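J.: Sequence:
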Amino acid sequence: MLIGELSSKSGLSRDTIRFYEKQQLIAVTRKERRGNNYKEYSEEVLARLLAIKRLKNFGFTLNEIADLLEMIEQKEATCNNVSEFIEQKVTLVEAKILDLINLRNQLVSGVNKCKDCCNPEQPEENCPILVTDNFLES
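In my numbering, the protein residues as written are 1 to 138.
If you are wondering where the hints come from, they were derived from the structure by calculation, not from laboratory data.
A portion of the hints provided could be inaccurate.
In the EDC-like style, the derived pairs of lysine to aspartate or glutamate whose C-alpha atoms are separated by at most 20 angstroms in a straight line are [unchecked claim]: (1) K53 / D67; (2) K96 / E64; (3) K113 / D133; (4) K9 / E43; (5) K22 / E70; (6) K96 / E84; (7) K56 / E94; (8) K53 / E21; (9) K53 / E64; (10) K113 / E94; (11) K22 / D67; (12) K53 / D99; (13) K56 / D116; (14) K39 / E5; (15) K89 / E64; (16) K9 / E44; (17) K75 / E44; (18) K56 / E44; (19) K89 / D67; (20) K56 / D67; (21) K53 / E43; (22) K89 / E76; (23) K89 / E70; (24) K56 / E21; (25) K56 / E70; (26) K22 / E44; (27) K22 / E64.
Just so it is clear, the structure is predicted and the values come from calculations on it, not from any experiment.
Sequences and hints are given; from them, build the entire structure.
T.: This is how it looks when you write it as C-alpha cells:
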C-alpha cells in the first residue's frame, strides 16, 4: 500500500510515518510504478505502526519503543521481560509525578509570596518572582 492508504489505516500523518522511517522504526521496500519510485508499505509495517501508536499512547518514548520492538524482533518479549520494562517506566513516571508536585508547591508558594510582597496601591515595576533568582526558594 502507498503512504496515503497507510496514513488512513493507521491514523498517523504522512509526516509521522516518514519520521518513523527515518528513525528506523519501520522499514519499507521500493516499487517502480509509472516512472516514479513510490514506496510500498506492507501489512507488517501497518501492524508495526499501530504498535508504535499504542505504545506512544502509553507514554513510552521513541527510544523506549525501539527497545520494545527490538525485544519483539529478538523473540525476547516475554511477559517477565516486558513487565520488568514497564515497571521501570512506572518508577520513572512516579519520580516525574513527585517532581511535578514539588514544582506545583513552589509555584503556589511563589504566588502567595507575590500577593504578600506586592502592594496593590503602589505597584512595583516588576514582580520579584520574575526578577529575583531565589524568590521561590526563600
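J.: Work down the list of hints and note, for each, if the structure agrees.
T.: The hints, checked one at a time:
Distance check on the hinted pair: K53 and D67 sit about 15 angstroms apart at the alpha-carbon level, within 20 angstroms; holds. About 17 angstroms separates the Cα atoms of K96 and E64, which keeps this hinted pair within 20 angstroms; it holds. Taking the CA atoms of K113 and D133, the gap is near 14 angstroms; set against the 20 angstroms cutoff, the hint holds. At roughly 10 angstroms between alpha-carbon atoms, K9 and E43 fall within 20 angstroms of each other, so this suggested pair holds.
For the given pair, K22 sits about 16 angstroms from E70 by alpha-carbon distance, which is consistent with the 20 angstroms threshold. Of the supplied pair hints, the one linking K96 and E84 holds, its CA atoms being roughly 19 angstroms apart against a limit of 20 angstroms. The hinted pair formed by K56 and E94 meets the criterion: a straight-line CA distance of about 18 angstroms does not exceed 20 angstroms. Taking the CA atoms of K53 and E21, the gap is near 14 angstroms; set against the 20 angstroms cutoff, the hint holds.
Taking the CA atoms of K53 and E64, the gap is near 13 angstroms; set against the 20 angstroms cutoff, the hint holds. Distance check on the hinted pair: K113 and E94 sit about 29 angstroms apart at the alpha-carbon level, beyond 20 angstroms; violated. Under the criterion of a C-alpha separation no larger than 20 angstroms, the hint pairing K22 with D67 is consistent with the structure, at around 16 angstroms. Using a Cα cut-off of 20 angstroms, the hinted pair K53 and D99 is violated, with the two alpha carbons roughly 27 angstroms apart.
Between K56 and D116 the alpha-carbon distance is near 43 angstroms, which puts this suggested pair outside the 20 angstroms criterion. A distance of roughly 12 angstroms separates the Cα atoms of K39 and E5; the hinted pair therefore holds under the 20 angstroms criterion. Simply put, K89 and E64 have alpha-carbon atoms about 9 angstroms apart, close enough for the 20 angstroms limit, and the pair holds. For the hint linking K9 to E44, the alpha-carbon distance of about 13 angstroms falls within 20 angstroms, and the restraint holds.
Distance check on the hinted pair: K75 and E44 sit about 16 angstroms apart at the alpha-carbon level, within 20 angstroms; holds. Distance check on the hinted pair: K56 and E44 sit about 18 angstroms apart at the alpha-carbon level, within 20 angstroms; holds. A distance of roughly 13 angstroms separates the Cα atoms of K89 and D67; the hinted pair therefore holds under the 20 angstroms criterion. Straight-line distance between C-alpha atoms of K56 and D67 comes to about 13 angstroms, which keeps the hinted pair within the 20 angstroms bound.
Note on K53 and E43: the hinted pairing holds, with a Cα-Cα distance of about 15 angstroms set against a maximum of 20 angstroms. The hinted pair formed by K89 and E76 meets the criterion: a straight-line CA distance of about 18 angstroms does not exceed 20 angstroms. Annotation: proposed proximity of K89 to E70 holds, straight-line Cα distance about 17 angstroms (limit 20 angstroms). Under the criterion of a C-alpha separation no larger than 20 angstroms, the hint pairing K56 with E21 is consistent with the structure, at around 16 angstroms.
Proposed proximity of K56 and E70 is supported: the alpha carbons are some 16 angstroms apart, at most 20 angstroms. A threshold of 20 angstroms between alpha carbons decides the hint, and for K22 with E44 the separation of about 17 angstroms falls inside it, so the pair holds. For the given pair, K22 sits about 16 angstroms from E64 by alpha-carbon distance, which is consistent with the 20 angstroms threshold.
In the structure shown, a violation is registered for the earlier hints numbered 10, 12, 13, in ascending order.
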